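Asks: In case you want the letters, here they are:
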Amino acid sequence: MNDKKAAGLTRRQRYDIQQKRRALLVASASTVFVVVALVVLVPLTPGWEKVQKSFFNGAVLAKTFPRLLEAFKINVMIFAWSAPAIAVLGLLIALARDAKSPALFPLRIFGAAFTDVFRGVPVVLTVYLIGFGIPGLGLPRPWNSPYIWGSLALILTYSAYVAEIFRSGIDSVHQSQRSAALSLGLSERQTMRDVILPQAIRNVVPSQMNMLIALQKDVSLLSFIGPVEIFRQAGVFKSLLASFTPYVGAAIIFLVVTIPATRYADYLMARQTRERS
Amino acid sequence: MTRVFAMAVASCALMTTTALAGGHCAGGKTLIDGKFTIATGNPAYYPWVMDDAPESGQGFEAAMAYAVAAEMGFEAADVIWTRSSFDEAIQPGIKNFDVNIQQYSITPERDEIVDFSAPYYSAPMAVLASPGAIDTAATFDALRALKWGAVGSTTAVSKLTDVVMPDSALLLYGDNSDVNAAISANQIDAALFDLPTALFLSAVMIEGSKVIGQFPADAGDELDQFGMLLEEGNPLKACVDDAIAAITDNGTLAAIEAEWLQDTTGVPLIK
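The listed protein sequences correspond, in order, to chains R and Z. Following our numbering, the numbering of the first sequence begins with 1 at its first residue and continues without gaps. Following our numbering, the numbering of the second sequence begins with 1 at its first residue and continues without gaps.
For the record, the hints were derived by calculation from the structure and aren't laboratory data. Please read all numbers here as calculations on a predicted model, not as lab measurements. From the three backbone atoms N, C-alpha and C, an ideal C-beta is built for every residue, glycine too. Don't take each hint at face value.
In silico lysine to aspartate or glutamate, EDC-like type, Cα no more than 20 Å apart, as pairs [said to hold, decoys possible]:
id	chain 1	residue 1	chain 2	residue 2
1	R	Lys50	Z	Asp115
2	R	Lys63	Z	Glu259
3	R	Lys50	Z	Asp162
4	R	Lys50	Z	Glu88
5	R	Lys53	Z	Glu88
6	R	Lys63	Z	Asp111
7	R	Lys53	Z	Asp87
8	R	Lys50	Z	Glu112
9	R	Lys53	Z	Asp111
10	R	Lys73	Z	Asp167
11	Z	Lys29	Z	Asp78
12	R	Lys50	Z	Glu232
13	R	Lys53	Z	Glu109
14	R	Lys63	Z	Glu109
15	R	Lys50	Z	Asp111
16	R	Lys53	Z	Glu112
17	R	Lys53	Z	Asp115
18	R	Lys53	Z	Glu232
Pair by pair, the computed Cβ-Cβ distance ranges are [claimed, not checked]:
id	chain 1	residue 1	chain 2	residue 2	range
19	R	Ala59	Z	Asp33	31 to 41 Å
20	Z	Ile94	R	Gly120	38 to 48 Å
21	R	Gln52	Z	Asp87	10 to 20 Å
22	Z	Thr248	R	Ala59	33 to 43 Å
23	R	Leu255	Z	Asp87	16 to 26 Å
24	Z	Asp33	R	Gln52	31 to 41 Å
25	R	Glu49	Z	Glu88	17 to 27 Å
Kindly produce the complete structure, drawing on both the sequences and the hints.
Replies: Here is the structure:
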C-alpha cells in the first residue's frame with residue numbers, strides 16, 4: 001500500500017520531501033553546533049568560574065529555592081485577585097469608550113483619559129504613587145495596606161491596556177452585525193451584550209492571555225512598596241549570600257509558570273488564525 | 001649629553017616611585033601607582049560622609065579613609081574619590097577602585113565573592129519606631145507585636161527573622177527613603193537599622209519618630225561589622241589591614257568614631 005503510494009508520488013513531491021529532509025538536517029546540525037559552542041566555549045572564558053559561582057551556584061539554589069517558592073505564593077495571591085478585577089474594569093472602560101449616546105460623552109472622555117494616563121505612566125511609578133500616596137493620607141489599618149493599594153495600581157494600569165484590547169475586539173465585529181441586530185428589534189444594550197461582546201471577547205482571548213502573562217510578572221513590582229514576594233525574597237538572598245543565584249531561581253519559577261501560559265496563548269492564536277482563514 | 005639626560009630622567013622616575021615606595025607596602029599595588037582610589041556611595045550620607053563631599057575628610061568614613069591613607073603613606077592629595085553602587089561592587093570582575101567604603105557589613109558569603117579589610121566599625125542594630133509606636137517597651141515581647149519593616153538588602157532582615165521573630169509578616173523595601181515613606185504612611189510600626197542610621201533618620205528624616213532600643217551584642221548573631229571592600233585577591237588588603245590595626249591601636253579610630261558617631265547612650269538595650 002505504502003509502496004504504491006510512494007510510487008504514486010510525483011517528482012515534485014519527491015523533491016519537496018527531499019528538501020524538507022535537507023532542511024531538517026541543516027537545522028539539527030546548526031542547533032547542535034550552537035549548543036556545543038555555548039557549552040564548550042562559555043566555560044573557557046576567563047570570568048566563567050566567577051560568574052558560575054555567582055549566578056549558577058547549586059548549593060545556594062538548593063538552599064534558597066523552598067523560600068522562593070513560598071514567596072511566590074504571594075505573587076499568585078496578588079495575581080489571583082487582581083486579574084478578575086482587571087477583566088471587569090477593563091471591559092467597563094472599553095464600553096465607556098464605545099458609548100454612542102451623546103449624553104454619555106463625558107463617559108467617553110473619562111474612558112479615553114483613563115487609558116491615556118494609565119498606559120502612559122510606568123507601572124512602577126503608579127505602584128509608588130498609589131501604594132505610598134493614598135495610605136499616606138492617613139487611612140487607618142488595615143485599609144492602608146500596601147497589598148490593597150499596590151494591587152489597585154496594577155489593576156488600574158492593566159485595565160487601561162485590557163480595555164484597549166477589548167475595544168479592538170469590539171471594533172473587529174463587523175458593523176453589519178450591529179445593524180442586523182438592531183433591525184431585528186434588539187436594543188443597543190441587547191445588541192452589545194448578546195451579539196457584539198460574545199464575539200468580541202472571543203476574538204481577543206489570545207491577546208488577553210498575553211496581558212495575563214505580563215501581569216503575572218509585573219506583580220513583582222509590588223515589592224517596591226513592601227510585600228516580600230519572590231523578587232524581593234530573591235533580593236534579600238542576593239544581599240545576604242552575595243550571590244545572584246537566587247535571581248536565577250526566581251527566574252526558573254517564573255518560567256515554569258509563564259512558558260506553558262505563553263505556549264497556550266500561541267496555540268489559541270494559531271487556532272484562531274486557522275478558524276478565520 | 002644624552003646620557004646625562006637619560007640619567008636625569010631615570011632618577012626623576014626613581015624619585016616619583018620612591019615617594020611611595022619608602023618602606024610602605026602599597027607601592028605598585030594600587031590602581032594608579034602612587035594614588036589611592038576610594039569608592040563610596042552615590043550619594044554618601046551623614047554621618048558617614050558630610051554633605052556628600054568625602055574630599056573634605058568630614059564624616060566618620062571620610063575621616064577614617066584619610067587616616068588609613070595617611071597610615072599607608074599616601075598624602076591627602078593622593079587620595080582619589082570615586083562612586084559606586086552596592087551591586088556594582090559585589091559583582092564578579094575588575095573594580096574601578098582600590099577600596100570601597102560604604103558601610104559594607106562583613107559576611108562570610110560576601111567574603112567569597114570579594115575581599116574585606118579588617119573591620120573599622122561595629123554597628124549595633126537599633127529600632128526606629130514610628131510616631132505611633134514610640135512608647136513601645138524595649139523588650140523582645142513588645143517588639144514582636146509590632147509591624148516591622150526593613151531595607152531588603154541589609155543584614156537587618158536576618159536579624160528580624162532570626163532574633164526578633166515578629167508575629168506578622170515583614171515588609172521590605174529598596175532603600176531607606178522607602179522605609180521612611182512606609183513609616184509616614186503608617187504601614188509599619190518599626191524598622192531596623194544600624195544605630196547611626198537610625199539616629200540620623202529619627203533626628204532628621206521622620207518627624208516624631210524615635211530610636212527606642214538597641215540590640216545587645218549577645219542577642220543572636222554578632223554585631224554588624226563594617227569593612228572596606230576590595231576586589232577578591234587584591235594584594236593591597238594586607239596593607240589596608242595593617243593600617244586599620246595601627247589606627248585602632250593608637251586610638252585614632254576611636255577618636256574619629258567619638259567625633260562623628262558620638263556617644264550613643266540614651267538608647268536602651270533591648271531585653
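Asks: Next, verify each hint and record whether it holds.
Replies: Here is how each hint holds up against the structure:
no. : hint                              : in the structure
1   : Lys50(R) to Asp115(Z)             : holds, 14 Å
2   : Lys63(R) to Glu259(Z)             : violated, 43 Å
3   : Lys50(R) to Asp162(Z)             : violated, 30 Å
4   : Lys50(R) to Glu88(Z)              : holds, 15 Å
5   : Lys53(R) to Glu88(Z)              : holds, 16 Å
6   : Lys63(R) to Asp111(Z)             : holds, 18 Å
7   : Lys53(R) to Asp87(Z)              : holds, 16 Å
8   : Lys50(R) to Glu112(Z)             : holds, 10 Å
9   : Lys53(R) to Asp111(Z)             : holds, 13 Å
10  : Lys73(R) to Asp167(Z)             : holds, 19 Å
11  : Lys29(Z) to Asp78(Z)              : holds, 14 Å
12  : Lys50(R) to Glu232(Z)             : holds, 10 Å
13  : Lys53(R) to Glu109(Z)             : holds, 11 Å
14  : Lys63(R) to Glu109(Z)             : holds, 13 Å
15  : Lys50(R) to Asp111(Z)             : holds, 13 Å
16  : Lys53(R) to Glu112(Z)             : holds, 9 Å
17  : Lys53(R) to Asp115(Z)             : holds, 15 Å
18  : Lys53(R) to Glu232(Z)             : holds, 13 Å
19  : Ala59(R) to Asp33(Z): 31 to 41 Å  : holds, 39 Å
20  : Ile94(Z) to Gly120(R): 38 to 48 Å : holds, 40 Å
21  : Gln52(R) to Asp87(Z): 10 to 20 Å  : holds, 18 Å
22  : Thr248(Z) to Ala59(R): 33 to 43 Å : holds, 35 Å
23  : Leu255(R) to Asp87(Z): 16 to 26 Å : holds, 23 Å
24  : Asp33(Z) to Gln52(R): 31 to 41 Å  : holds, 33 Å
25  : Glu49(R) to Glu88(Z): 17 to 27 Å  : holds, 20 Å
Checked against the numbered hints listed earlier, the structure breaks hints 2 and 3; every other hint is satisfied.
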